[in-house]
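Just so you know, the protein sequences line up as chains A and B, in that order.
Going by the numbering used here, the final residue of the first sequence carries number 113, and the count climbs one at a time with no gaps.
Going by the numbering used here, the final residue of the second sequence carries number 170, and the count climbs one at a time with no gaps.
Because the hints were derived from the structure by calculation, they are not lab data.
Yeah, the Cβ is synthetic: ideal placement off N, Cα and C, and Gly gets one too.
Watch out, some of these pointers could steer you wrong.
[Unchecked claim] Label-pair ranges, simulated between beta-carbon atoms: (1) B:3 with A:111: 19 to 27 Å; (2) A:53 with B:44: 37 to 45 Å; (3) A:111 with B:1: 20 to 28 Å.
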Amino acid sequence: MTVSELQKKIGLKALNQIHDKEVDGAYVSDMLSDVMAGAKAGNVWVTIQVHKNIVAVANLVDVSAVIIAGGRVPQDDTLELASKAKITIFSTDLNTFKLVGKLHQAGVTTE
Amino acid sequence: MPAQECNHNWTMTNIRGGYIVQETCYRCNSRRIYFSYEDNPPREKYREGEHIWSYFGSDQSVKFDLVCSNCGKLVTFEELAGLMHCFGCTNTDCNLYTLSRICQELDIWVYAALGHLPTTGEIALTVEKLQTLSKFFNDRLKSPGKKILILPSTFSSDPQRCYGEIIRDIGMLEMTEA
């Protein structure tokens, strides 16, 4: 499944240009250090964090996209930087629990 | 397999939590960071040479080592206080900024390794350790053509006033008051 296919299935709001990478599993964490240690390339990363540092980590790990739950929206400079790094940032009003349920229903699983 | 013949497959190990503590100099506004395993760092001002350091804040972070899953070789990174990404700067003469700008066009993403040990203060990671870190992060990548380059923080023209963002858990859990 690609990032844009996932967007359509779940109804995610793209906050920047969609970079259509293959989604390979998901990782849910609000701790950047945990993501750096535990997430895998291709994972879609679910978080409520919105500060600029999410791009530094998403880029380092090479996640397929970042989904920000709970209706939070990062500032424009964060989105600009994410676009440079070809990282799609989505937003959803769903809370993390409901979002993860929908991801699972959509077929996003991890090993 | 002997370690010298191994095409290492690095994985993180010995992940240990702590805090990145920031201090600023009361006299010259310099900034420095160190990693602390303690929940309560010293918060009172103290003098060190020309500087008078005061506590500025702290955020959760981790330290880790890398182990090769093929040969078992362990590389420790006790001196790695954190990784910093240059997002842009007011100091356009900075080597880190210049290199980051050039590399971004080539889909190479530059991170600076911030070295610090309590016994020595700021310390640059060895070339071998920087290569190991770079290999670890690059081997994980899936995006075609993308590269990660880990440089020593000494590439920053003025690390004490650098605007780079250190990877840390901002706003998650500051160290509690003593």
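* Those earlier numbered hints the structure runs against, lowest number first -> 2
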